[in-house]
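Chains as they are written, first to last, in my numbering: chain F, 1 to 457; chain Y, 1 to 457.
Simulated from the structure, these hints should not be mistaken for laboratory data. Any given hint could be a false lead.
If several chains are the same, the list does not tell them apart, and a pair holds so long as it fits within one copy or across any two.
What the hints assert, rightly or not - Derived DSS-like pairs: lysine-lysine, alpha-carbon spacing no greater than 30 Å straight-line: (1) 61 - 340; (2) 277 - 266; (3) 294 - 323; (4) 259 - 389.
2 protein chains.
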Amino acid sequence: MATGFERDALEGYAREKRSEYEGVLKKIVEIPSVSVEPERKGEVRRTAEYAVSLLESFGAKAKLYETKGHPIVHGRFERGPNYPTVTIYNHLDVQPAEGDDWKTKPFEFVREGDRYFGRGTTDDKGPAMTALFGARYAKERGVPLNIHFLWELEEEIGSPSFETAIRANAEDFATDTVVVSDTVWVSRARPACPAGLRGLQGFRFELQTGETDQHSGTAGGAARNPVAELCALIAECVDGKTGRVKIPGFYADVVPPTKKELEDLKKCGFTVKEFKKDHLFRSLRVHDALEVMKRIWTMPTFEVHGIAGGYQGPGVKTIIPPKATAIVSCRLVPDMDPKKIVKLVKSFVKKKNPDVVVSAEHELPAYQGKTTGPYADAIRGAMKFAFGKEPVFVREGGSIGAVLSMERVLKSPVYFLGLSLPEHGYHAPNENYDWMQASGGMAAFADYFRRLGEMKA
Amino acid sequence: MATGFERDALEGYAREKRSEYEGVLKKIVEIPSVSVEPERKGEVRRTAEYAVSLLESFGAKAKLYETKGHPIVHGRFERGPNYPTVTIYNHLDVQPAEGDDWKTKPFEFVREGDRYFGRGTTDDKGPAMTALFGARYAKERGVPLNIHFLWELEEEIGSPSFETAIRANAEDFATDTVVVSDTVWVSRARPACPAGLRGLQGFRFELQTGETDQHSGTAGGAARNPVAELCALIAECVDGKTGRVKIPGFYADVVPPTKKELEDLKKCGFTVKEFKKDHLFRSLRVHDALEVMKRIWTMPTFEVHGIAGGYQGPGVKTIIPPKATAIVSCRLVPDMDPKKIVKLVKSFVKKKNPDVVVSAEHELPAYQGKTTGPYADAIRGAMKFAFGKEPVFVREGGSIGAVLSMERVLKSPVYFLGLSLPEHGYHAPNENYDWMQASGGMAAFADYFRRLGEMKA
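Build out the structure end to end from the sequences listed, making use of the hints.
Have a look at this one:
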């Protein structure tokens, strides 16, 4: 084994660099890079500019690439053209963070013991910084690799500019393999790596029947009610209680999990009790652990995120609103085709309520990854080295649009080394990350680079 | 006929007092007395205090009565204990006024030619001030009547304190008859007086399944979705397209309109085209004029005003919200009993989704008025005198909670002399009132008081 990659040495590195790590994470978490909010465009850019200067201060070459939307940041620890290249993918944009459920200010970095609170701490700024610290360690110890960083700023809006941008700069971004660090373990007790991601197809259903609010006394009964019509439409699309999608053909291309996959799921440490606790759910649609896993990882969904329009305040304001919008998305699994789902949904809605205008947003197919071969083995080994247990290969319910683009454009295999935990509150208020995952993650990345260096040597 | 009550004289009075009238209306419209908004409590009180000083400046005795909620204002032009008393009911609280659809500031009084814009101009501050000017004229010409003003400040929230307050002060408020000026004509072409009002029963349906927003990628499929469940529930309660209520027993006590009533409706000047234009509707549930009138005046409804909770912003934010609230109300007609409807709705919801918490708000039974006898004849005559045509007696789709309370407590018959027009935008953005209705209304009230004086003399 290359010198300096022993557990003790890596633990010492993490201890020594902890305050530097926290300083860097604080700085980047406190820039509110909410990619979905147009008024935050400047903050997203400021995040990218800070990331470039950060990479440079770590001794990397770094560059900001313009896209049609938010920029992309690329950094490189270059060893030389004859060495293999590994690229770490993270994203530095974050989800919106409004509402009263935050106990601390979402864009203020708050440390409480070993826990770090703030929007983006676990998704995905904390893991990005963890990988950077792990990579610097490996570089300083001379691993025979080029280590690249590909940091996106449009992940939370479905990566609309990513594929075009990496295609236009495919030479700069060329790599032998990619490791994505933006996924969640099943439980703290055991590392987990996804071997597949659900896709996503978003929709907005808009119905306009008037121009302004009207009084339900003077017009109610004859007037159309766009909220009631959208409720009926949603109820026609999905069984609200079971989640079963009622649109004919919706499940036609779903590949059910194999027997082997089901066996792996049973071993992954998932418990319904923990799942409920981590997500603060009062009850679930189903109660059996395997059934829950099948539903969140291997089955598609039709989810309504909200109904905009209409009265939202206290008491009862007896208006008939002029329009309403249902905000909806479907999670997709192999082999569902987003374009086919858009077609199915549009024609179903047209049949049920022709006045409803459907706009499709966020197309992302599902992704099926690999769990065998040297790269997968290196991840397995690095996780075991850092966290004491081999990871289980499961699936991930969420979507990372960039994954498919990287496979397609860079033509190199993509693997996952995620560090987030269920209790970190992914996309939720009081999002957090913790020092155990950060310090373990640094060791895991350093060891992963060592393995890749030895593998290719 | 008593001197000074000729058409010319009353037209002259209106012309002479126009700027005074506009000044008073401006002053009261610019106090944002939104009774449903707790933070406006002070403004509602300020309105009541202004109303007292206004009545006093008109030579009336006036008093502010405290209630458990917003105050009540009572004013009196006293002729003496041996004269009959007529009470004019209006309300001085208003609907909320938010949103981008207002072309002028809602709480700024804007005059454009003969039209007055601002929240409350037509509902009901404009008619209240009109009645006051008409009453002052009659008083100054010595009509042998006591004229009282009963101005409520909780009408828009269903008059929760009104009945208790008038019961506690029944001696002060004693009256021989009440005339309510808070209703809308069918069209400008012909005055209309309601001979019945729909009742109202409000509800909030709340479903909580978690504590905070969750990511639909990590939890979607197994997690319950409270918005989807409420959509399903709404769709079970009502046919969104036709408006047909599906709750068994809902229509059991509905008294259908008589043949005579249907004949009157056919003559009232209602056209679907005007109704659509006045309310800016793109389409309606039905297309026949009589069918529209039946639905808005003689049939009950189940209306969803909005679904609170969930994502409301731009794009698609893929959350599963922790809770959602459907804001709902039913318009009621004779002989429906609000308590029975609450029972029906609660037990239906409990059967369909036992986790949904139903809270009932705004109970108001429907009201059936009289169209014959001397008081109705006086209204008929006064309307014809002021506007050139006898009014049709129709129904009103809206609810005025105070009407039933006054009949019950004051034990005196209630009639209607409304001045609002469909194009005034009742409860809608760009609410307005106009000088034709104000000046005609002053004449109608003055003439009404003359007739009452002669009738009792």
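Now for the hints, and whether the structure bears them out:
When the C-alpha separation of residue 61 and residue 340 is checked against a cutoff of 30 Å, the pair qualifies neither within a copy, at 42 Å, nor between copies, at 74 Å. For a Cα distance limit of 30 Å, the shortest separation of residue 277 from residue 266 inside one copy, 19 Å, qualifies, whereas the shortest one across copies, 62 Å, does not. In this homomeric assembly, residue 294 and residue 323 come within 30 Å of each other (Cα to Cα) only across copies, at 24 Å, whereas the closest approach inside a single copy is 37 Å. For a Cα distance limit of 30 Å, the shortest separation of residue 259 from residue 389 inside one copy, 24 Å, qualifies, whereas the shortest one across copies, 83 Å, does not.
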